[in-house]
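A.B. asks: Given the sequences, and given the hints that come with them, work out the whole structure.
For the protein sequence lines, the chains are X and B, in the order given. Per our numbering, the very first residue in the first sequence carries number 1142; after that it's consecutive. Per our numbering, the very first residue in the second sequence carries number 220; after that it's consecutive.
Bear in mind the hints are in silico, worked out from the structure with no lab data behind them. C-beta atoms are modelled at their ideal positions from N, C-alpha and C, and glycine is treated no differently. Watch out, some of these pointers could steer you wrong.
Derived Cβ-Cβ restraints for the label pairs, each shown as a range [unchecked claim]:
#1 X:Val1364 - B:Arg236: 49 to 55 Å
#2 B:Arg236 - X:Thr1362: 45 to 51 Å
#3 X:Arg1157 - B:Arg236: 33 to 39 Å
#4 B:Asn569 - X:Val1154: 56 to 62 Å
#5 X:Arg1157 - B:Phe579: 55 to 61 Å
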Amino acid sequence: MSNLVEIRNVSKVYERGKQKVEVLHHVDLGIAQGDFVALMGPSGSGKTTLLNLIGGLDSPSDGSIAVGGARIDNLGQGALAKWRAANVGFVFQFYNLLPMLSAQKNVELPLLLTKLSAAQRKKNASVALQLVGLADRATHKPTELSGGQQQRVAIARAIVSDPSLLVCDEPTGDLDRQSAEDVLALLQTLNREHGKTIVMVTHDPKAAEYARQTLHLDKGTLVEQATHA
Amino acid sequence: MKYLHLVWAALFRRKTRTLFTIASVLAAFLLFGLLDSVRNAFSDAGNSVAGVDRMITMSKISFTVSQPQSLLARIEAVPGVKEVAYANWFGGIYQDPKNFFPNEAVSPNFMDLFSEYAIPPDQLAAFKNTRTGCIVGASLAKKFGWKIGDKIPLQATIFPQKDGSNTWTFDLVGIFHARDPKEKNKEPILFFNWKYFDEARQFGNGRIGWYIEKLSDPNQADQVAKAIDAISANSDHETKTESENAFNRSFVSQFADIGLIVGGIMSAVFFTLILLTGNTMAQAVRERIPELAVLKTIGFSNRGVLGLVLAESVLLILLGGLIGIGLAAVIVPAMSSKVQGLLPDGVRWNTWALGVALMFGIGLLIGWLPALRGMRLKIVDALAGR
Ligand SMILES: Nc1ncnc2c1ncn2[C@@H]1O[C@H](COP(=O)(O)OP(=O)(O)OP(=O)(O)O)[C@@H](O)[C@H]1O
Ligand SMILES: [Mg+2]
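C.D. replies: Structure follows, in structure tokens:
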């Protein structure tokens, strides 16, 4: 399999006033098309930073990042926004749904940026909600849903515009065991049956078992690679 | 348009706060609608098209000082003057001082000069032929339920009759209409015959309140005015002649510069409104930084976020403002008949236009800083709560 994500010699430096903090040191990483990667490591090791670089939310201080053969490390903010809309789905620890909108409307959000008609947007969002098993909750507001259900709505939102890459930052970090397993099983299905490439940050070794491989980050450096079944 | 539901949802995220804010915007624009209508009414007084070919001659000292009747023939002789009428303020009261409306004694040809009023020819003839006859505007007749043939008693406040009586009784012989519905505010007035007035009053006989000249050519107004005033120059009754519009303007400005007052009040009101709504918007956006970050994560551009926040602030002001002026549009006509001439018959298009322009202006102004903040936020920082 060819690599969907190619990270070469990437460093990230944050400047706090005069102080410079290098959070990632010369990271090299390839993620194959169709892979499901768990990213583990102690708090502050740079997991979120790396994930944000892969998802095009931030740009590296040094090195190159290519996704699907296209360089994204040198894109400007506007181009990066367009690129994200077309290529990446995001799932966060705290779901980050818009509280005033129904599940259906939350899922439709990314489609507002496309040329799809209102009817098509509605249909695609319904399909995505169906895929995460929440077709019957389409009209519910986030506050009317459990944490696990909210996270599944967030996943529906992440996949509705059919991106090839999903980045998830501790998607089960705020969920009970059962809800977490539902969400992880869903991600696994998306990876296995729908061919989504997934990068997931997690603190939970049990969660990492759902991935095809686990990477460990420590103080800004990838330390070892373990491959699961 | 497809983003409208997003803007709407953001606006009503805090229902109570938004409703209170809208209520204060509403109150401000209701006041604006009312005051600007008052200002309109006053500036109408000085800008009517109906009077462009008419001039008024009165005492240079004050319009309450009368002039000799002998001037009539001399003014008629001034080149450029087509016809001259005259009138005197009567100031009679119908039943109760609260019922105030202007009433004037006028020369027989008076109505011929005021072509903006329509009156059936037989009624006009009856007016000229009935010594105690009077005519009133249609809206005034309607207000008091007067019909032709009614007797209308007025209590004199300035002019008692020779027999000492203060009650003047007039026979209603005609009802006139304003030809232009926009000039309906000129209807609530009563005219009665000069002859009856001058013969029956106790004092002032043979003196005239003001002359009204109709010009052959409105463009000659300045020359004609100079020629008329020259007649009485250096006498004990010097006159001042000006166009009717200029007269109305100076009459109104005797009370106050309405435009300045309205402007002053509204500046204070809008200044307060800007502080209040500006604070609401700043707070609303501050609370929503993580949500805006999510929109950006999903792929909304910087400009898109800027647009959403600005749309929200403009919508906030528009909602309150349109309802406010709309309410004024209901109140103004209802009050118009109660406060003769102080209010026009409705909220004019120029008030709407200025109001909507102000709404957009204020909306953009108060949305600007919050919108910039939303636009400039760094996604990774906002998501991490930094
Ligand atoms: N914008 C920033 N400015 C300054 N320092 C930052 C910034 N973002 C991250 N850091 C620092 O970089 C380091 C790595 O942060 P990061 O969020 O990537 O860690 P993490 O591995 O995701 O940790 P956690 O498991 O707690 O989420 C931390 O020390 C953090 O304080
Ligand atoms: Mg993290």
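A.B. asks: Look at each hint and say if it fits the structure.
C.D. replies: Taking the hints in turn, this is what the structure says about them:
For Val1364 (chain X) and Arg236 (chain B), the Cβ-Cβ distance of about 50 Å falls inside the hinted range of 49 to 55 Å, so the restraint holds. At roughly 48 Å, the beta carbons of Arg236 (chain B) and Thr1362 (chain X) sit within the given window of 45 to 51 Å. A hinted range of 33 to 39 Å holds for the C-beta pair Arg1157 (chain X) and Arg236 (chain B), which are about 35 Å apart. Remark: the range hint 56 to 62 Å for Asn569 (chain B) to Val1154 (chain X) is upheld by a beta-carbon distance near 60 Å.
In this structure, Arg1157 (chain X) and Phe579 (chain B) break the distance hint of 55 to 61 Å, their C-beta atoms being roughly 41 Å apart.
Consistency with the previously given hints fails for number 5 only.
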